[in-house]
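S.K.: My numbering applies: residue 1 is where the sequence shown begins, and numbers increase by one.
Derived by calculation from the structure, the hints in this document are not laboratory data.
Quick caveat, the model's predicted, so the values are computed rather than measured.
Fair warning: there could be bad hints in the mix.
[As the list claims (entries may be wrong)] Taking lysine to any residue pairs in the SDA-like style, the calculated list, with each CA pair at most 25 Å apart, reads: (1) K53 - L5; (2) K53 - P69; (3) K53 - F7; (4) K64 - A49; (5) K3 - L13; (6) K53 - T16; (7) K64 - T16; (8) K53 - G67.
[Claimed, not checked] Beta-carbon label-pair distances, calculated as ranges: (9) A14 - P69: 37 to 47 Å; (10) L4 - A36: 28 to 38 Å; (11) F7 - H71: 18 to 28 Å.
We treat Cβ as the ideally placed atom computed from N, Cα and C, and that holds for glycine.
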Amino acid sequence: MEKLLGFSNSALLASTGGLLVTILLAYPFASVLPMAGQIVAHIGTLLFATGIKVSYVARLVSLKQLGRPVH
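Please build the complete structure, drawing on both the sequences and the hints.
M.R.: Below you can see the structure in the form of structure tokens.
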């Protein structure tokens, strides 16, 4: 469970960073990207948001199994 906790923390951080980048590309910098780039940025926003949710649930499960407080 320690490995799952470490992996889920890393995945949570990476997904948050990816989400921020794709939001910036999809909205404020959309005029710089071609249409295909905008489509990829919008799809990336959905995928990274899903990654945040899945990694957070994995983090909660590992904390509960380790007997640590779940906030």
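S.K.: Are the Cα atoms of K53 and T16 separated by 25 Å or less?
M.R.: 10 Å, holds
S.K.: Cβ-Cβ distance between F7 and H71: within 18 to 28 Å?
M.R.: 19 Å, holds
S.K.: Mind checking the alpha carbons of K53 and P69 for me, to see if they're no more than 25 Å apart?
M.R.: 19 Å, holds
S.K.: Does K64 pair with A49 here, judged by a C-alpha cut-off of 25 Å?
M.R.: 23 Å, holds
S.K.: Would you say the C-beta atoms of A14 and P69 sit inside 37 to 47 Å of each other?
M.R.: 24 Å, violated
S.K.: So if I understand the rule, the pair passes when the alpha-carbon distance is 25 Å or less; does K53 with G67 pass?
M.R.: Holds - the C-alpha atoms of G67 and K53 are around 21 Å apart, at most 25 Å.
S.K.: Can the restraint linking K53 and L5 be considered satisfied, given a maximum Cα separation of 25 Å?
M.R.: 14 Å, holds
S.K.: Can you confirm whether the C-alpha distance between K64 and T16 stays at or below 25 Å?
M.R.: 23 Å, holds
S.K.: Falls inside 28 to 38 Å, the C-beta gap from L4 to A36?
M.R.: Between L4 and A36, where Cβ atoms are some 36 Å apart, the hint holds.
S.K.: Could you grab the alpha-carbon distance between K53 and F7 and see if it respects the 25 Å cut-off?
M.R.: Since the Cα atoms of K53 and F7 sit roughly 14 Å apart, the hinted pair holds (cutoff 25 Å).
S.K.: Hint check: K3 vs L13, CA-CA at most 25 Å. Holds or violated?
M.R.: 15 Å, holds
The earlier numbered hint that this structure contradicts is number 9, and it is the only one.
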